[in-house]
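**Student:** Residue strings, one per chain:
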Amino acid sequence: MYGILIGAIYAIGLVFLLLTFVIVLNKGVREARARRRRRRRLALEPRVLRYAHGDAVSIIEALGGSVSRTDRGVIEEILLSHLERVKGIEGERLRGALDQLHFVDDYLHQLQSGRWWTRARAAERLGLAGAVRATGKLAHALGDESSEVRIRAAQALGLVGGTAAVRPLIQALREQSRWSSIRIADILAGMGPRVVDDLVAHFPGLELHARVSVLDILGRIRAPHVAPWLRAWLEDEEPDVRARACHALGVLGDLEAKDALRRALKDAQWPVRAMAAKALGRLRQIEAIPDLSEALRDREWWVRSNAAEALRQMGPAGIQALTRMLHDRDLFARHQAVLKLEEAGVLDEKVALLSAEDARERAAGESLVQSFIESGQIGRLLELSVGHRDGGVRQRLKRLLQTATPEPGAGG
Amino acid sequence: MREDARILVIDDDPVVLRFVASMLREKNYHVLVAEDGDQGFRLAVRELPDLIVTDLLMPYRDGFQLVRDLRRHQELAHTPIIILSMDDREENIVRGLEGGADDYVVKPFNARELMARIGKQLDRPRGPS
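Protein sequences appear in the order of chains D and X.
In this text, residue positions in the first sequence follow my numbering: the first is 1, and each later residue adds one.
In this text, residue positions in the second sequence follow my numbering: the first is 413, and each later residue adds one.
No wet-lab data here; the hints were simulated from the structure.
Hints are not guaranteed to be accurate.
Unchecked claim - Examples of chain X residues toward chain D, derived with CB under 7 Å: (1) V427; (2) V428; (3) R437; (4) E438; (5) H442; (6) H485; (7) L488; (8) G512; (9) Y516; (10) P520; (11) R524.
Stated by the list, open to error - Just a sample of chain D residues kept apart from chain X, beta carbon distances all over 12 Å, derived: (12) V86; (13) K87; (14) P168; (15) D197; (16) L400.
We put the CB at the ideal spot given by N, CA and C, even for glycine.
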């Protein structure tokens, strides 16, 4: 019995010893490989970079006429790491090198792998390689069972570009259940002006949610030539389309849209009115100030808020309009004007003038404070009457507040 | 374009550092490299390069601080500085340029465009030094 126990202890000890030996050996082999790779990288990288900066036709010749099996991995690592950081002609040459060395063929083959992570990595690398000939297979990979493969294939198509790559991405935009519309929209927007014509061409046949996404993408791309086309959608029967067209025109900065956007401020649907107000703020067209002032009386909070923000963005003329709105008959309009003037720091700025030596400046300060008091929105004034760093300002403010008679029912 | 110019490249990403250095050496520039802001500043003070290309996000001393420190240094106050950064946010581009950099290039970058900008900065007459 005792002998068996001793034998078992020895056996376990031996197993642990063997395991330790295997682990140490494995680590040693890995480190030796990594060291060798670093050494080879240091030797090969200058040749690859010289090829990228120069005009030699063949990467294989630049590497000395042949590439060993072990060096292939190192060269691939060099090419991919630089491709992540460089574009332009050097980028093109590095991409060409990946193809010349048959890495693109390998990736296309790996795209058929049974392991999802191999397929995902292959898709990602085909994107970095900018492999136009992979477009069809990447488009096919958009239907992969693994979401990771699908999204990497979509990103790769974004990097490859071209009409053949845009079409499957637009298709993906339609399938809300399989895709995150935001990610696909990001990819399409990232492709820039070259996708505009394809998006415009496909637009009429798309579902509403995809059309809305396309309008957003077109705004983000900011291609000026699409502005007249976008303006036409301000008349669409779908309110969501009208609203997103307003938004896109604002982001685009299309000054010719100002009259149409002013009309859109009177749209029957509030999302359209809200987006029109926002767009007019971005365009900073002072002709729209009366319309935006009117929109401060809108029954929907979003419209009032966007209109007030738009006025603030218009600079001094907009601030003047907001100040005038402090006396408006509409309580909601007054409230928005107060909020925006406070947010913009106009109230604090004018309150500071209450102790100014210049009589005109003092009067300007008192006038705005008086307007706030008359509007009944005195919350910030009460705060400043206690907490302002200038004693003179505090004193004058308290006096103005004491002599004031706020409207019945008005809050601070 | 002055091909004998000495250019200091500062970046904590060794891949970018090697790429830019190799690109400049191909054009016969004399290249100095540093892997962080502190090392870059010390090298700049010691070697007084003709132009500096620097990253923004780096250990020890970031690019904004580095540009400020270089501008405060009497002998480097007018040395052209080009920021080469992944950060394409408008506020940081403006911050970099207002902080004293002469140009700003976003990564991934177009190598020939960067070369053209470097050439342009080197050709520009320098302020009092």
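**Student:** Give a verdict on every hint.
**Tutor:** Right, here's what the structure says about each hint:
The closest approach between the C-beta of V427/X and any C-beta of chain D is roughly 5 Å, which is under the 7 Å cut-off, so the hint is satisfied. Because the beta carbon of V428/X sits about 6 Å from the nearest beta carbon in chain D, less than 7 Å, this interface hint is met. Interface hint status for R437/X: violated, as the beta-carbon distance to the closest one in chain D is roughly 9 Å, over 7 Å. Nearest Cβ of chain D to the Cβ of E438/X: about 5 Å, under the 7 Å cut. The hint holds.
A distance limit of 7 Å between C-beta atoms decides the matter here; for H442/X the minimum to chain D is near 17 Å, and the interface restraint is violated. Because the closest C-beta pair between H485/X and chain D is about 29 Å apart, greater than 7 Å, the hint is violated. Residue-level restraint check for L488/X is violated (minimum Cβ-Cβ distance to chain D is 27 Å; threshold 7 Å). With a cut of 7 Å, the hint placing G512/X at the interface with chain D is violated, because the nearest CB-to-CB distance is about 25 Å.
Evaluation of the Y516/X hint against chain D yields a violated restraint, the C-beta minimum of about 16 Å exceeding 7 Å. Because the closest C-beta pair between P520/X and chain D is about 5 Å apart, less than 7 Å, the hint holds. Look at R524/X: its Cβ gets to within about 6 Å of chain D, closer than 7 Å, so that hint holds up. Listed as a non-interface residue, V86/D fails to keep its Cβ farther than 12 Å from every Cβ of chain X; the least gap is roughly 6 Å.
Its beta-carbon lying about 5 Å from the closest one in chain X, K87/D breaks the requirement of being farther than 12 Å from that chain. P168/D, annotated as away from the interface, keeps every beta carbon of chain X farther than 12 Å; the closest lies near 24 Å. With a minimum CB-CB distance of about 24 Å to chain X, D197/D clears the 12 Å threshold, and the non-interface call stands. The beta carbon of L400/D sits about 39 Å from the closest Cβ of chain X, which is more than 12 Å, so the claim that it is off the interface holds.
Comparing the model with each numbered hint stated earlier shows that hints 3, 5, 6, 7, 8, 9, 12 and 13 do not hold.
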